[in-house]
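Residue numbers (our numbering), protein chains in the order written: chain R, 1 to 439; chain D, 1001 to 1254.
Calculated from the structure, these hints are not laboratory results. Don't take every hint at face value.
Pair ranges (Cβ atoms, derived) [said to hold, decoys possible]:
id : chain 1 : residue 1 : chain 2 : residue 2 : range
1  : R       : E361      : D       : M1119     : 38 to 44 Å
2  : R       : D174      : D       : R1180     : 50 to 56 Å
3  : R       : E383      : D       : Y1204     : 37 to 43 Å
4  : R       : K364      : D       : E1209     : 53 to 59 Å
5  : R       : D391      : D       : E1111     : 52 to 58 Å
6  : R       : D113      : D       : T1117     : 42 to 48 Å
Just so you know, these numbers come straight off a predicted model, no measurement behind them. Where is the CB? At the ideal position from N, CA and C, for every residue including glycine.
Here is how the chains run, residue by residue.
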Amino acid sequence: MGLVEIRGLNEAHIREISNIKKEEAWILDYRLDSFRYFMNESMPSFGPEIHLSFDDIIYYKSSVADSIQDSWSRLNKRVTEELDELGVIESEQHMDGIGVQYESEVIYHNMIDELKEKDIIFTSIEDAMRKYPELVRKYFGKIVSNHENKFAALNGSVFSGGSFIYIPPHTKLDRPLQSYFRISSRSMGQFERTLIIVDDDSELHYIEGCTAPDYSESSLHAAVVEIYVGKRSKCRYTTVQNWAHNVNNLVTKRALVDEDGEMVWVDGNIGSLVTMKYPCCVLKGDRSSGTCITISVASTNQEQDTGARMIHLGKNTKSKIISKSIARNGGNATYRGDVKITKDALYSEAMVKCDTLLLDEISKSDTIPRNLTENDSSTIEHEATVSKISDENLFYFMSRGIDKERAMELIILGFLEAFRSELPMEYAVELNQLLKRNL
Amino acid sequence: MQMNIEDLTVTVAEGKKILDHFSLALAPGSIHVIMGPNGCGKSTLSKVLLAHPHYNIVSGDIIVDGNSILPLSTDARSRLGIFLCYQNPISVDGVTNSEFLRTALTETTQERINVYTFMKAMEKGIEELSMDPAMMHRFINQDFSGGERKKNEILQMKMLKPKFVILDELDSGLDVDSLRIVCQNVNQYKEENPDTTILLITHYPRILEYIHPDYVHVMRDGKLVEMGDLSLAQKIEKEGYLGTTSMGGEHHGE
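Extracted from the complex, chain R is given alone in its bound form (with noise of 0.2 Å):
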């Protein structure tokens, strides 16, 4: 297959994209569907001001490479050394399996042989169609609609690239698998489609990593993540997107946790220009529990729109949103919560706590939380803390010798540790690197 780029959205560039994936049909029309539901819907009417160009935007470009590798050496000499750069080669020595996705097409993909033998399944969204096509059947788009907004049918129309996972029942693994999505060119639209299950029984860490250059031209990110967590399994999902100050990354993510089952969303944001993300958990399963503990930094021109949703369907279940943001610079950080314990979800618990911290006064946070619980036996808690480094805590540090940057770099990381501390070491270490950059 040669380069193809296609830049501008109408039904044919549609058309193109499923013909260069020789897609089955229901594929297609599924695509189809969503660009009708995408040209109908309107923008989000809440959050912050979205600019985008929808004609200027790449769809789709093609890989670098004919097919997915599982090794360095047969992807292009460029990209290998690029991803050398930004660690991801390194990086897969901690991982039981890695995949990368460069622009549009899954380039790389790998795993430990033990795996291969557990029949565990960690592949492309595309490859995972052609293959696997009822497993994937079974779930896809059947978690998060493709007409639950504008950005999720964006995704369904243009979807490219993306994990699939499959863990079969009775299976553990004792390292996370890891995906690094890059963005390389200029007004470069990414549109990956994620779909993992974690069957009955079994446990899944899931790392994700996604980066791109710094171009003045705003680029796109709309991803779309469903995760199904089988009956008394566990998943994490671990994100912490270092997006350059021009992307608008714009994504839905949602699990759907069966009984007895438990979903981690760990979500980290730093990067991009607008971010709008509220991970969500629907905790279908009696006894079931979902988690996510958020951490967002806004900068300059910088609008995080972020937190998360929970929704109480089975009896006993549990949540916990954890959100921890901070503004500087001008930078906008605002929490954006919905909790929802049903009518019939009796005796659920669910906990919110957010915190925000403001490093000057030009910066802005504001918490958005709604909280609804329609039956008596439940309860929901929620917390809300907006401060600012104090002088005394400055004094205190200061006093000891340690001088003012340094100061507020430690009180900095320390109002971030609840989430630090859910990291792998090296991601925390990452992390703070990051973060020192950052501030």
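With the hints as your guide, set chain D onto chain R.
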């Protein structure tokens, strides 16, 4: 460290005078006590010596070993060797005691400190202060009792090895056993580092049973009004601050 506080006048943001032409010379190795009723300005003095941002120096100077320290920031003064043991140490979420102390030590000595050496030294200090070893990995003073907080201050002193130690109301929040342990540690530090100057700020004379001062000063309305030896403190214990000289018409004690 020779410190001369010369004719120092200090106001707070609202313009209220807190120190009023205050002068005191502290020679290396000496132990001074400043006593006085609440609100006399003694805790302010301790913060002013470390350039707390809420206070303005109107006139006067603070000279350390011949140089004015007024241009120096809080952290630079700390690195000179001035240490304040706070009356009410704050707590900080997310920063562990060991992380904090190790950073302070690195910044103070400007040397990279071997983790193992540091841990050993910290463990030793913790043991000498009869603290829970797990405190190393707890956040700064988080869920610490008043006594644990004070012990933590003294632990920091022992590790940072200052030359000039200000003990602000060391005995507040301490039970008898903790007070004894804390004072033993201060005395031991003084013994091992005889040139250390100690400035003890206290409302109650009780602590002087444990730490024996060379000089006792009485402070009122932002200035020193009387100086003596231990017998002055004993007199205050018996008669209260009302018995001291230069009494104005107003009543300050509680």
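A quick look at each hint next to the structure:
1. Separated by about 41 Å at the C-beta atoms, R/E361 and D/M1119 satisfy the suggested range of 38 to 44 Å.
2. The given range of 50 to 56 Å is respected by R/D174 and D/R1180, whose C-beta atoms sit roughly 52 Å from each other.
3. Between R/E383 and D/Y1204 the beta carbons are some 39 Å apart, a value that agrees with the proposed interval 37 to 43 Å.
4. For the pair R/K364 and D/E1209, the beta carbons lie near 55 Å from each other, so the given range of 53 to 59 Å is met.
5. The beta-carbon spacing between R/D391 and D/E1111, approximately 29 Å, falls outside the hinted interval of 52 to 58 Å.
6. Our hint of 42 to 48 Å for R/D113 and D/T1117 holds, since their Cβ atoms are close to 43 Å apart.
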